[in-house]
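Colleague: Spelled out, the chains give:
Number of protein chains: 2
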Amino acid sequence: MMKRPTSFDIAALAGVSQATVSRALSGAASVSEAVRQRVFDAATQLNYTVDINARKLRSKKINTIAVLVSEDFDQSDNRINPFFLPLIGSILDYANSKGVDVLMSLQKADADWGADYGFSRRADGIIFLGYRDFESYLRRVAVLQQVGEPWVVFGPVMPKTPNLFIGSQNQEGAHSAVEHLIKLGRKRIVFLGEASEHHSEFFERFRGYRRAHVEAGLTPDPALAIDCFISREEGAAAIERLLDEGVQFDAVFAVTDLLAIGAIQSLQKRGLHVPKDVSVMGFDDLWACTCINPTLSTVRQDTTTAARVLVDTLAALIDNEPVEMTRIPTQLVIRESCGG
Amino acid sequence: MMKRPTSFDIAALAGVSQATVSRALSGAASVSEAVRQRVFDAATQLNYTVDINARKLRSKKINTIAVLVSEDFDQSDNRINPFFLPLIGSILDYANSKGVDVLMSLQKADADWGADYGFSRRADGIIFLGYRDFESYLRRVAVLQQVGEPWVVFGPVMPKTPNLFIGSQNQEGAHSAVEHLIKLGRKRIVFLGEASEHHSEFFERFRGYRRAHVEAGLTPDPALAIDCFISREEGAAAIERLLDEGVQFDAVFAVTDLLAIGAIQSLQKRGLHVPKDVSVMGFDDLWACTCINPTLSTVRQDTTTAARVLVDTLAALIDNEPVEMTRIPTQLVIRESCGG
DNA sequence: CTGAAAGCGCTTACAG
DNA sequence: CTGAAAGCGCTTACAG
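The listed protein sequences correspond, in order, to chains A and B. In terms of this note's numbering, the first sequence opens at residue 117 and continues consecutively. In terms of this note's numbering, the second sequence opens at residue 117 and continues consecutively.
It is worth saying that the hints were derived from the structure and are not from the lab. What you are looking at is a predicted structure, and each value in this text was computed from that prediction instead of being measured. Please note that the accuracy of each hint is not assured.
No more than 25 Å apart at the CA atoms, straight line, and that leaves these computed lysine-lysine pairs for PhoX-like [to be verified]:
1) B:Lys-214 - A:Lys-224
2) A:Lys-214 - B:Lys-224
3) B:Lys-177 - A:Lys-176
Please construct the entire structure, taking both the sequences and the accompanying hints into account.
Modeller: Encoded structure:
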């Protein structure tokens with residue numbers, strides 16, 4: 117295989133200086149059209165492209181962001197929570213359209229967040245996906261702050277906490293979902309998901325759940341607020357427990373579709389009909405929502421917009437521009453599982 | 117924010133030469149333990165890490181692979197085919213465990229494959245995912261070959277074609293699935309998916325379908341071999357068409373789970389019972405297989421092994437080592453949708 | 001085991 | 001608009 121051509125080779129072939137080659141190829145304005153053309157021809161002829169590493173070293177512009185996804189094992193070895201699939205797709209799409217490269221990595225739960233990524237100038241900044249536990253979050257923020265590495269997280273929005281400012285309108289989304297259930301005549305609505313400060317997203321959804329009740333003149337029964345992690349298995353187990361205990365309910369609002377799918381499976385296993393006996397509503401709008409039977413009503417998170425906001429906000433942080441808190445609107449998607 | 121420290125800063129603080137810092141930090145054997153310790157302490161104190169771009173430029177080792185996923189729109193804007201989620205997760209996991217960075221990009225159908233990635237020394241090699249159309253494949257191979265850029269593709273295995281040598285045991289997998297259906301007493305089994313040279317993976321699955329018939333003394337009815345693209349919508353539409361035409365069948369073997377899920381939805385919509393009236397079998401083992409009702413029997417592709425083979429094979433190509441054709445075993449997963 | 005020195009392939013002031 | 005020159009932050013022969 118031939119040695120890679122350098123800008124000097126192009127310069128020789130085009131009969132100009134190496135500096136001019138660099139200028140022509142980087143699109144600098146100050147190059148005559150004739151020369152630019154000669155340079156391009158020579159580059160094409162030799163199959164030349166800039167050595168990106170030399171460019172990054174010299175120009176100090178990396179033009180790369182890192183996307184760190186936290187590992188999330190489920191029974192199917194997916195490793196990545198399915199909710200992130202469209203989000204990752206959109207991030208790749210949007211970043212690439214802006215000419216930004218994306219470095220991806222899967223982070224073990226106990227790993228040092230981004231310890232490597234920022235420090236080694238691999239990327240200008242980091243997008244964290246799937247770091248929902250607020251407590252573990254705080255422990256690690258310090259390092260990143262100290263090194264001045266720009267980063268954004270999708271999900272929890274907490275005004276007083278550094279860098280937690282991009283997420284969906286969780287409370288509003290949950291409110292519209294539960295309001296819908298109440299309008300259908302449902303009175304005993306289970307809240308499935310962790311409503312604690314550790315997961316502010318879910319806590320917000322809980323507040324939406326509560327507000328919808330209050331507005332309708334209802335008092336949510338604390339016995340219907342079920343704490344559980346967000347896997348299908350947990351959702352299924354939680355519902356079975358409720359049924360075993362003889363708790364009465366006519367609807368389930370789950371903070372994720374995964375939980376909702378688990379809930380439906382348990383209900384059907386126990387011979388209950390969804391939505392006739394129990395309405396079920398999820399959150400996220402996984403593509404699987406339309407695969408299951410009945411199809412799952414849910415609160416859709418807008419991953420396309422989320423991707424744009426994440427990438428743009430990170431870019432602003434990198435450029436030391438001001439950024440603002442962003443709440444991305446959700447959309448209530450009514451399908452079969454809630455009846456009505 | 118402070119200027120990033122360089123190896124010279126560490127050298128000064130540790131009282132050694134810059135060259136020694138570089139050696140100590142890159143794990144060279146020839147550094148005394150005492151000095152190594154001093155260097156590490158200094159590096160820690162200044163929060164130093166190597167500038168990866170300088171290292172790449174100087175050492176000519178990039179230590180990065182690019183994963184190019186072809187864009188695949190479905191109704192839910194996933195952008196990435198859900199089959200790739202666990203594969204991507206495993207690639208990230210395995211590459212990272214080997215200390216290799218992963219650059220990801222989504223490629224439009226009409227884009228120049230990897231034109232940029234190899235040429236600009238962003239990555240040592242490329243893993244292509246989702247490039248199933250064999251014809252478009254051949255058109256682009258030339259460029260990559262010419263530049264000597266190492267790359268691998270997951271999916272089609274065609275001995276006579278450059279770089280198409282990593283995939284699942286498609287024929288065997290399909291054979292075991294269809295054999296199972298036949299053993300259940302099914303006689304008129306629909307083949308759903310494109311059986312053409314354009315998609316050799318699917319064609320191999322077709323051959324497995326045919327072989328299972330022949331071995332059982334059956335002749336597959338050509339009217340049951342349905343050509344269609346691999347989306348849920350196509351699967352649903354194909355089955356509806358068959359029903360409209362009054363074609364008799366008692367089982368469906370689909371070349372992807374997506375197709376199978378679509379098929380099940382159509383069958384149920386028409387009042388047919390799966391598996392009582394029609395058995396359905398898919399291929400891939402998407403996590404959604406266990407979300408649907410009935411749960412979908414399928415041929416599981418081993419994405420964990422596939423990821424290792426892809427990464428290791430690419431590494432071998434990069435190092436100019438010999439590589440071999442690899443057929444990854446599949447596993448028949450029996451769930452509710454095939455009955456029996 | 002360690003240091004002095006060269007150089008990876010670019011970008012970008014500085015002149016003209 | 002173009003060229004000569006410096007230098008980004010490392011790695012790695014070459015000596016000792």
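Colleague: Looking back at the hints listed earlier, which ones does the structure fail to meet?
Modeller: none
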